[in-house]
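Chemist: Here is what each chain is made of, one letter per residue.
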Amino acid sequence: MGPFGEAYVIGVGMHPVTTQRTSVRELAYVAGSLALADAALGFDRVDCVYNGYRPVEGLISGVALAKEFGLTGVPVLQVENASATGSVAFREAVMAVATGRARVAMALGVAATAGPGFDDAPSPFGKPSMDGLLLPAGLFGMWAVRRMHDVGTTVETYAAIAAKNWNHARLNPTAKRRAAEAVTVEQVLASTPIAHPHTAMMAAARGGGGACAIVADAETARAVAADQGRPLVEVVASELQSERYVPGHVFAGAIVGPPELTRVTARAAYEQAGLGPEDLDLVQVHDAFPIEELVYIEQLGICAEGEADLLVTAGETALGGRIPFSTDGGLIARGHPIGATGLAQVWETTLQLRGEAGARQVDGARIGLLQMMGAGSVCSVQILKRR
Amino acid sequence: MKPFEAGYFEIADDGRPRLWASYSPEADLYYFPQRKVCAVTLGPVESRLLSGAGVLYSWTYVHEDRFGPSTGAFSGYGVGQIDLPEGVRIQARILGRLGDWAIGMPMEIDILALFQDGGPLVDAEGNELVTFCFRPADDA
Numbered sequence: 000m001g002p003f004g005e006a007y008v009i010g011v012g013m014h015p016v017t018t019q020r021t022s023v024r025e026l027a028y029v030a031g032s033l034a035l036a037d038a039a040l041g042f043d044r045v046d047c048v049y050n051g052y053r054p055v056e057g058l059i060s061g062v063a064l065a066k067e068f069g070l071t072g073v074p075v076l077q078v079e080n081a082s083a084t085g086s087v088a089f090r091e092a093v094m095a096v097a098t099g100r101a102r103v104a105m106a107l108g109v110a111a112t113a114g115p116g117f118d119d120a121p122s123p124f125g126k127p128s129m130d131g132l133l134l135p136a137g138l139f140g141m142w143a144v145r146r147m148h149d150v151g152t153t154v155e156t157y158a159a160i161a162a163k164n165w166n167h168a169r170l171n172p173t174a175k176r177r178a179a180e181a182v183t184v185e186q187v188l189a190s191t192p193i194a195h196p197h198t199a200m201m202a203a204a205r206g207g208g209g210a211c212a213i214v215a216d217a218e219t220a221r222a223v224a225a226d227q228g229r230p231l232v233e234v235v236a237s238e239l240q241s242e243r244y245v246p247g248h249v250f251a252g253a254i255v256g257p258p259e260l261t262r263v264t265a266r267a268a269y270e271q272a273g274l275g276p277e278d279l280d281l282v283q284v285h286d287a288f289p290i291e292e293l294v295y296i297e298q299l300g301i302c303a304e305g306e307a308d309l310l311v312t313a314g315e316t317a318l319g320g321r322i323p324f325s326t327d328g329g330l331i332a333r334g335h336p337i338g339a340t341g342l343a344q345v346w347e348t349t350l351q352l353r354g355e356a357g358a359r360q361v362d363g364a365r366i367g368l369l370q371m372m373g374a375g376s377v378c379s380v381q382i383l384k385r386r
Numbered sequence: 000m001k002p003f004e005a006g007y008f009e010i011a012d013d014g015r016p017r018l019w020a021s022y023s024p025e026a027d028l029y030y031f032p033q034r035k036v037c038a039v040t041l042g043p044v045e046s047r048l049l050s051g052a053g054v055l056y057s058w059t060y061v062h063e064d065r066f067g068p069s070t071g072a073f074s075g076y077g078v079g080q081i082d083l084p085e086g087v088r089i090q091a092r093i094l095g096r097l098g099d100w101a102i103g104m105p106m107e108i109d110i111l112a113l114f115q116d117g118g119p120l121v122d123a124e125g126n127e128l129v130t131f132c133f134r135p136a137d138d139a
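Those protein sequence lines, which keep their order, are chains E and D. Residue 207 in numbering that gives the first Met the number 0 sits at position 208 of the first sequence, and the numbers go up by one each step. Residue 69 in numbering that gives the first Met the number 0 sits at position 70 of the second sequence, and the numbers go up by one each step.
Hints may be right or wrong, so weigh each one.
[Stated by the list, open to error] Stretch by stretch, here's where chain D covers chain E in the computed footprint (C-beta under 8 Å, at least three residues):
# : region
1 : 142-148
2 : 181-194
3 : 244-254
[Stated by the list, open to error] Cβ-Cβ distance ranges computed for the label pairs, FRET-style:
# : chain 1 : residue 1 : chain 2 : residue 2 : range
4 : D       : R96       : E       : G314      : 34 to 42 Å
5 : D       : L41       : E       : A63       : 36 to 44 Å
6 : D       : I102      : E       : A36       : 52 to 60 Å
7 : D       : A136      : E       : S190      : 48 to 56 Å
[Claimed, not checked] To list a few chain E residues with every Cβ distance to chain D over 12 Å, as calculated:
#  : residue
8  : A178
9  : T198
10 : A199
Since the hints were made in silico from the structure, they are not lab data. For every residue, glycine included, the Cβ atom is placed at its ideal position computed from N, Cα and C.
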C-alpha cells in the first residue's frame, strides 16, 4: 500500500445499531469479540488498540473499553474525528501494521445509545455561538437547494436515494431502520420535514452501536485466510485529508468543507491503490442526507459532474445496478452510531469482498471504496481489495 | 446592544452590523471570520470591514432543532449562504419564511436579537447581546 507495507482485514464484528439502552462496554465488547472470533485470534495476539469513541459526559473513556477483553498491557489509544471517528481508528490500525509497528491491530468504534442528540439530553444545537455548527440537515439542505438550481435535481431524486438505502437496510440484520415492507419515494417525501428539502426519512438514523475490525500483516492474514478457507481482504489505500481553500469557502458554521474535499482525497487514494473509479464494485459513503450520496458519486469519479441523477434514477447505484452505493443501508438506514460508522463500512465491505453478505451480496465483488466525512472537517477514503 | 462575541462584527452608527474580515494582500483574498494567517499563502493578513450587502448563494428552512423528534417548542428558522462582493461566502440566519428566498436575490445584513429562557440574552452589565443575520434587500 503506497510507500508502506501491506495490511489486511482479518476479522470484523458489529453490534446492531440501536436506540435500546445498552452500555458502551456491552456495545464495544460484542463488536470486538465478534471480530476476534471472526479472525480466530485471542486478544493476547493484539499488539495495539485504537478506540474510536466520542466520550459522553459521565460515561467511561474509550480507553477503558479495552479492559473488557483482558488486561494484557497492550497500548490503547482513543481517537476522535466526528463522523469519521471509526474511519480514523481503522486508518491508525492500518498504519500501525503497514509501518511494521504491529502485526495485529484492533480498531474498535462505539457510540453510546444515550447522550447529546438524544431525547433525554439537551440539544447541542440552537444555542448562540458565532462559530457554532449549523444543524447538519441545514447545511446539506443548502447543498440540496443549490444543486436543484444548478443541475435541476428534483426532490424525487433525493427521495429515491433515501428509499434505496432504506431498502438495502431491509437486508442488513445490523441496521437500525428495517422496514417491514419496501419503502417508496412517496413515503420518504411524506415524512416529517426537517430542513428544506429534507424529510425525516432522508436523515441519518440516530442510534448507538459498535463495530470492530482486526487488521494484520501479510503473514498473519495468510495464515488466517488459509485456516478459515476464505479470500484475503487487503487495504490497498487509506487516505485522510483536511480542507483546502476553494472560492466561496465557508469557514464558520459549516459542518464539512466543500465537496471537492472528497474528489482530492479520492484521487490520492486511487493513486495509492493504482486503481481508478472504473475498478470499483461497490461504494460506502457518508450519506447523512441523500444530497451527499449524489454529490459523492460525482466527486469519486463514478460519473461526470451533473450526471449522478441519471445513474440514480436508472437504478445503477442500487443493489443489482452497475455500482451499488451504501449496500448496508448507509447512514440513512443502517444508521449513524458516530464512533462506529466508519468501521461499519469496513464490516460491510469486508463481508462483500469475501462473498459473505447474504441477500445483499454484490455479485463478484472484488474492490470496495469507503468514504467518510468528519465535521471540522476531514475526508477519509479507503479502498479494500479481495486477493 | 452588544455583539454576542467580540471580533466578528461591530454595530455601525446606522444600527447595522459590519462584519470584520481578514484580508491577505499577497493572495488578494478576504476571509470571514478573521484568520491568524492567510489560508492560501500562510502569510500575514489585515483586518478589514466587509460590505453589508450581497447575493443569496443558497438557503434552507430548518423545521427541527435536531435529528429525530423535537422535545421543545421550536418554530423553525431560515439559514442562507450569502456571497459578498469581496468574494466571501457568509453562512448566517436569514429573515423571512419558506417561500421568501430565491438563489441570486440581493440580501442585506441586519441585527438578530438573541433569547434565552424566554427573555433577551444579556451580559453581566445588562447589555442585550445580538448577532448578525441577513434579509432580502428592500428592493429585492
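Chemist: Please go over all the hints and tell whether each is borne out by the structure.
Modeler: A quick look at each hint next to the structure:
1. 142-148: holds (count 5)
2. 181-194: holds (count 4)
3. 244-254: Holds, because 9 residues of the region 244-254 of chain E bring their Cβ atoms closer than 8 Å to Cβ atoms of chain D.
4. D:R96 with E:G314: 34 to 42 Å: holds (37 Å)
5. D:L41 with E:A63: 36 to 44 Å: 40 Å Cβ-Cβ, so the 36 to 44 Å window holds.
6. D:I102 with E:A36: 52 to 60 Å: Distance hint for I102 (chain D), A36 (chain E) holds at roughly 53 Å.
7. D:A136 with E:S190: 48 to 56 Å: About 35 Å separates the Cβ atoms of A136 (chain D) and S190 (chain E), which means 48 to 56 Å is violated.
8. A178: Given a closest Cβ separation of 17 Å, the condition holds.
9. T198: Non-interface label on T198 (chain E) violated, nearest chain D Cβ at 9 Å vs cutoff 12 Å.
10. A199: violated (8 Å)
In summary, the numbered hints that this structure violates are 7, 9, 10.
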